[in-house]
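Line order of the protein sequences matches chains A and V. Under this note's numbering, the residue at position 5 of the first sequence is numbered 5, and the numbers go up by one with no gaps. Under this note's numbering, the residue at position 61 of the second sequence is numbered 61, and the numbers go up by one with no gaps.
It should be emphasised that the hints constitute simulated quantities derived from the structure, not laboratory data. Check before you lean on any hint, since a few could be wrong.
No copy labels: a pair is met if it fits in one copy or bridges any two.
Claimed, not checked - The calculated lysine to any residue pairs, modelled on SDA-like cross-linking and capped at a C-alpha distance of 20 Å, are:
(1) 80 to 51
(2) 80 to 48
(3) 80 to 68
(4) 80 to 45
(5) 80 to 14
(6) 80 to 70
(7) 80 to 31
Okay, here's what each chain looks like letter by letter:
There are 2 protein chains.
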Amino acid sequence: MLLTDLIGYCAATLTTASFVPQAWHTFHTRDVRGISLGMYSAFTVGVLCWTVYGLLMDAWPIVVANCITLVLALAILVMKLRYHQA
Amino acid sequence: MLLTDLIGYCAATLTTASFVPQAWHTFHTRDVRGISLGMYSAFTVGVLCWTVYGLLMDAWPIVVANCITLVLALAILVMKLRYHQA
Chain A
1 MLLTDLIGYC AATLTTASFV PQAWHTFHTR DVRGISLGMY SAFTVGVLCW
51 TVYGLLMDAW PIVVANCITL VLALAILVMK LRYHQA
Chain V
1 MLLTDLIGYC AATLTTASFV PQAWHTFHTR DVRGISLGMY SAFTVGVLCW
51 TVYGLLMDAW PIVVANCITL VLALAILVMK LRYHQA
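Given these sequences and hints, build the entire structure.
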């Protein structure tokens with residue numbers, strides 16, 4: 001059981017933290033041509049749904065992980081929309 | 001309870017399917033400069049951990065959703081490595 005929990009925490013940390021280097025890369029380079037607007041639109045709404053799901057289930061690990069991911073995905077989406085027009 | 005399940009299925013579908021437009025965009029444009037290698041490396045390992053977690057928990061919705069995401073994230077990672085050198 002301990003190993004399963006450990007793998008779960010590793011999974012949550014990696015998939016959440018992975019958006020940090022993307023947000024930094026986009027902020028730093030302002031190169032958004034290779035980033036899909038469709039992906040970040042769908043992904044941001046999806047993560048918002050996960051957050052609501054976590055709240056309804058009273059599952060705080062889901063809420064916390066998805067709140068962090070939501071901020072990062074939203075930041076990338078806003079940069080995509082902003083730098084695309086620049 | 002039905003609403004909670006519905007929101008959960010919406011969340012899983014959106015976050016999984018969101019990688020389809022990114023994989024297609026990258027395959028079509030071959031523009032990988034704006035994509036973070038750090039993100040897709042960490043994300044792919046994270047999704048692999050989620051798949052193992054789902055198998056250990058005997059939670060097939062987690063396994064199925066993450067297997068699909070794994071294939072898409074791995075395809076984007078391979079394209080990032082391949083087109084970056086081209």
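These are the hints, each one checked on the structure:
1. In this assembly of identical chains, residue 80 and residue 51 lie within 20 Å of each other by CA distance neither inside one copy nor across copies; the values are 23 Å within and 30 Å between.
2. For a Cα distance limit of 20 Å, the shortest separation of residue 80 from residue 48 inside one copy, 18 Å, qualifies, whereas the shortest one across copies, 27 Å, does not.
3. With identical chains, the CA atoms of residue 80 and residue 68 are at most 20 Å apart within one copy only, with a shortest distance of 19 Å there and 25 Å across copies.
4. In this assembly of identical chains, the alpha carbons of residue 80 and residue 45 lie at most 20 Å apart only when taken from the same copy (16 Å versus 25 Å across copies).
5. Taking the shortest alpha-carbon separations for residue 80 and residue 14, only the inter-copy value of 19 Å comes in at or below 20 Å, while the best intra-copy value is 23 Å.
6. When the C-alpha separation of residue 80 and residue 70 is checked against a cutoff of 20 Å, the pair qualifies only within one copy, where the shortest distance is 15 Å, while the shortest distance between copies is 24 Å.
7. Proximity of residue 80 and residue 31 under a CA criterion of 20 Å is satisfied in both settings, with 9 Å inside one chain copy and 15 Å between copies.
The structure shown violates just one earlier hint, number 1.
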